[in-house]
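Starting from the known structure of chain A, fit chain B with the ligand onto it as the hints suggest.
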Amino acid sequence: MSKLVATPGQTVGPFFHYALPYEGSDLLVPVGREGAIRLHGTVTDGAGVPIPDALLELWQADPQGRVVQEPGSLHRDPWTFTGFGRAATDATGHYSFTTLEPGPTEPGKPAFFAVAVYARGLLNRLFTRAYVTAADGSVADDALLTSLPDERRATLLTTREETGFRFDVRLQGDDETVFLTYPGH
Amino acid sequence: MSTVPTDPDAAAASQAEIDAEIAAVAKDYEASGVEETQPRLDFPPYRSSLLRHPTKSLHHTDPEEIELWSPAFGHRDVSPLESDLTMQPNGEPIGERITVTGRVVDGDGRPVAGQLVEIWQANAAGRYIHKRDQHPAPIDPNFTGVGRCLTGPDGSYRFQTIKPGPYPWKNHHNAWRPAHIHFSLFGTDFTQRMVTQMYFPGDPLFSLDPIYQSITDQKARDRLVATYDHDVTSHEWSTGYRWDIVLTGSHRTWMEEEEQA
Ligand SMILES: [Fe+2]
Chain A
7 MSKLVATPGQ
17 TVGPFFHYAL
27 PYEGSDLLVP
37 VGREGAIRLH
47 GTVTDGAGVP
57 IPDALLELWQ
67 ADPQGRVVQE
77 PGSLHRDPWT
87 FTGFGRAATD
97 ATGHYSFTTL
107 EPGPTEPGKP
117 AFFAVAVYAR
127 GLLNRLFTRA
137 YVTAADGSVA
147 DDALLTSLPD
157 ERRATLLTTR
167 EETGFRFDVR
177 LQGDDETVFL
187 TYPGH
Chain B
18 MSTVPTDPDA
28 AAASQAEIDA
38 EIAAVAKDYE
48 ASGVEETQPR
58 LDFPPYRSSL
68 LRHPTKSLHH
78 TDPEEIELWS
88 PAFGHRDVSP
98 LESDLTMQPN
108 GEPIGERITV
118 TGRVVDGDGR
128 PVAGQLVEIW
138 QANAAGRYIH
148 KRDQHPAPID
158 PNFTGVGRCL
168 TGPDGSYRFQ
178 TIKPGPYPWK
188 NHHNAWRPAH
198 IHFSLFGTDF
208 TQRMVTQMYF
218 PGDPLFSLDP
228 IYQSITDQKA
238 RDRLVATYDH
248 DVTSHEWSTG
258 YRWDIVLTGS
268 HRTWMEEEEQ
278 A
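Going line by line, the protein sequences match chains A and B. Under our numbering, the first sequence is numbered contiguously, ending at residue 191. Under our numbering, the second sequence is numbered contiguously, ending at residue 278.
This is chain B alone, in the form it adopts within the complex:
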């Protein structure tokens, strides 16, 4: 076994120590002058990354045929009801009802139509329905926190849910994750596949969170933060957030009819 402090139960460092580590990486990043747009895989303040990041650089390759396509999903895969996480058979979940909507586009701004979007999240108290979630906050019997939908022709998705709470985790002593919704996205190419987290504007936990701060660039971090949009809000029903997602560029040679589809 290794001596690196990767045991999630160790939770040895203080928030101040983690803050100092994050600040040191940020200072080096500022000095480097090279723009980063994705999280670092090697980010020591996130202790679980220490033994789980590749140390060799990612190998550049051109996609082969299979990687130029994504799996196809359709109405056989996803029921329209799955986009409403508040619709539960035995009653409504507790919490602040919200609508989350936006568009999925590729690197050239083309809408990603008819593709699968999956989300999962904690309940309003910050608890997941997951057997490994030990946070002693209440489980909501009317909230599973899992949703799916297919994007529309314009790449749009829309979920009705409740606002998740922040939750503690064992990265360091008294560590808290900012409230977030996990998102899983497909493009038209498998190379565009991505999983990420959407955050809420103005969260006071942003600066303290090593997962969010693993993206060293402020502009890039901001891309994970939804905006409150009053036009998405429903009268006497729910508040609304808008969050658009850009996938990496598609490699396929697009035919004109596909472009117009």
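Same shape as in the complex, but just chain A:
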């Protein structure tokens, strides 16, 4: 157990755009590089309205399933994959990353993108996972996926497209995305 009590979070507010996203933050690899894929989607609120002032963070393994510990996310060298990126939603609530498909970090486990979600109106960051799916929509199970009923599990699965994956985030509602909390939170 932790000995100290964690400092509270607060909303990212409406004015993060000139501070958190940076040039190339949504391009983990250059567009057009061999193996480059798109992970994109829309962030919506409880009324189904797109959220134009949300920010998504992406943290992922490389295609071999290795956790990357290379610096350079803020000043990218196009030959170094760091596994980290940020994308703000646009006026239509849409975000998009150009990246590589992550591999499973352990054999037999499903691969996923770790995602943190921030928005004006969202009082603390939310964690979720965007699981890589096969063309037929299937995915290997892990502890989280098996713990969820089918309709909740579906909110964590990406949809495979020709150029990559689609992953929509719903902050509230019947089809609300599963958001995560970890031991000690």
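Any given hint might turn out to be false.
Stated by the list, open to error - In silico DSBU-like pairs for lysine-lysine, Cα to Cα no more than 35 Å straight-line:
| no. | chain 1 | residue 1 | chain 2 | residue 2 |
| --- | --- | --- | --- | --- |
| 1 | B | K236 | B | K187 |
| 2 | B | K73 | B | K44 |
| 3 | A | K115 | A | K9 |
| 4 | A | K9 | B | K236 |
| 5 | B | K73 | B | K236 |
| 6 | B | K44 | B | K236 |
| 7 | B | K180 | A | K9 |
| 8 | B | K236 | B | K180 |
| 9 | B | K44 | B | K148 |
| 10 | A | K9 | B | K44 |
| 11 | B | K187 | B | K73 |
| 12 | A | K115 | B | K73 |
| 13 | B | K73 | A | K9 |
| 14 | B | K44 | B | K187 |
| 15 | B | K148 | B | K187 |
Everything labelled a hint here was simulated from the structure, so no lab data went into it.
Chain B with the ligand only, in chain A's frame:
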């Protein structure tokens, strides 16, 4: 569309109505006897939260391998100059020069070394350099209000900046945010990732602010307030504030050499 009053331009409620809503939540919290340490996601006095909070409880899970690591940042990412927000090419910003420093530690008190700390803030007049900031207060051509640094081996960070002003917003009629600096922090695990706001001691706007009051516990709220520290103050240069940040506990199994690093 919904009938819930979430339109930020509506600004319909009075401060007294917002105060009453905050007081009602506080009363329920006192009665509950269960300690809360983080903000509520569902906090109706903050109108924008109404349609933007999950209604289902957060799902408990154990972190997988990728979540046990954070991205690595280094001197390629951050120049030491980025921690001084007052150093601008064409002149100095207007305002009260301050130093803000402290340490980032995990839930076991271990320093978080070599990690990225990012800040952003309004200028001394309470205006952000952001195209959506409509507050008719002056823009300071010598202040962008954005800073970054890497923590030292002891988890310490340090910024030179100017004290931000309070600013109006459209949550309700005549709503004002207490002066604050936005902070973004990484730990050693991605599960420790957090974004928050640092406040200044004794701000008269604390009790009126639904964002600050979304943390229902006074002890928890106090953790976001820096302390004036005369030892941080520089002779004939700037006043100083100290603010330490505790992240949630790390889940990784720490090796002895890492502990000593
Ligand atoms: Fe702010």
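Results of checking the hints against the structure:
{"no.": "1", "hint": "B:K236 with B:K187", "result": "holds, 28 Å"}
{"no.": "2", "hint": "B:K73 with B:K44", "result": "holds, 23 Å"}
{"no.": "3", "hint": "A:K115 with A:K9", "result": "holds, 32 Å"}
{"no.": "4", "hint": "A:K9 with B:K236", "result": "holds, 16 Å"}
{"no.": "5", "hint": "B:K73 with B:K236", "result": "holds, 27 Å"}
{"no.": "6", "hint": "B:K44 with B:K236", "result": "holds, 16 Å"}
{"no.": "7", "hint": "B:K180 with A:K9", "result": "holds, 32 Å"}
{"no.": "8", "hint": "B:K236 with B:K180", "result": "holds, 24 Å"}
{"no.": "9", "hint": "B:K44 with B:K148", "result": "violated, 39 Å"}
{"no.": "10", "hint": "A:K9 with B:K44", "result": "holds, 28 Å"}
{"no.": "11", "hint": "B:K187 with B:K73", "result": "holds, 28 Å"}
{"no.": "12", "hint": "A:K115 with B:K73", "result": "holds, 26 Å"}
{"no.": "13", "hint": "B:K73 with A:K9", "result": "holds, 29 Å"}
{"no.": "14", "hint": "B:K44 with B:K187", "result": "holds, 26 Å"}
{"no.": "15", "hint": "B:K148 with B:K187", "result": "holds, 16 Å"}
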